[in-house]
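Note that the working numbering has the sequence shown beginning at 12, numbered continuously upward.
Incorrect hints may have been included.
Here are the in silico distance ranges between beta carbons for each label pair [claimed, not checked]: (1) Ala-84 with Ser-58: 50 to 56 angstroms; (2) Ala-89 with Arg-61: 32 to 38 angstroms; (3) Val-76 with Leu-44: 22 to 28 angstroms; (4) Asp-70 with Lys-92: 29 to 35 angstroms; (5) Asp-43 with Arg-73: 30 to 36 angstroms; (6) Thr-78 with Asp-43: 35 to 41 angstroms; (7) Leu-44 with Met-64: 37 to 43 angstroms; (8) Arg-73 with Lys-41: 29 to 35 angstroms.
Simulated from the structure, these hints should not be mistaken for laboratory data. For glycine and all other residues, C-beta sits at the position ideal for the given N, C-alpha and C.
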Amino acid sequence: MAQKTTAPKLNDPLTQQRAAKVAVSINQQKVDLLPHEQDESATSQVSVPRKIMKQASADINRGLVDTDRGVPAGKAYAKQKT
Numbered sequence: 012m013a014q015k016t017t018a019p020k021l022n023d024p025l026t027q028q029r030a031a032k033v034a035v036s037i038n039q040q041k042v043d044l045l046p047h048e049q050d051e052s053a054t055s056q057v058s059v060p061r062k063i064m065k066q067a068s069a070d071i072n073r074g075l076v077d078t079d080r081g082v083p084a085g086k087a088y089a090k091q092k093t
């Protein structure tokens, strides 16, 4: 089964910014960064806010509360241990 791959959008400003910083200047000579240097660079960590995070922020601003069952389950577990 073939996997669909998606290439980065070339007209994306973040892609252009990252591409511009792939080479660094050492002693006035441009030197390409090594793959691990590209991965660990501060510019490779930039991303746009995810839709799920925007939704979470909107929910909190509307006054909705977290419905996670982790806290009640943790209390029940602690009660069971004693």
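For each hint, the structure was consulted:
For Ala-84 and Ser-58, the hinted distance range of 50 to 56 angstroms is not satisfied, since their beta carbons lie about 32 angstroms from each other. Taken as a hint, the range 32 to 38 angstroms holds for the pair Ala-89 and Arg-61, whose Cβ atoms sit roughly 33 angstroms apart. At roughly 45 angstroms, the beta-carbon separation of Val-76 and Leu-44 lies outside the given 22 to 28 angstroms, and the hint is violated. Checked against the hint of 29 to 35 angstroms, the pair Asp-70 and Lys-92 passes, with Cβ atoms roughly 33 angstroms apart.
Range check, Asp-43 to Arg-73: Cβ separation about 48 angstroms, and the 30 to 36 angstroms hint is violated. Between Thr-78 and Asp-43 the C-beta distance comes to about 49 angstroms, which lies outside the given range of 35 to 41 angstroms. Between Leu-44 and Met-64 the C-beta distance comes to about 29 angstroms, which lies outside the given range of 37 to 43 angstroms. Take Arg-73 and Lys-41: their Cβ atoms lie about 50 angstroms apart, and the range 29 to 35 angstroms is violated.
Of the numbered hints stated above, those contradicted by the structure are hints 1, 3, 5, 6, 7 and 8, listed in ascending order.
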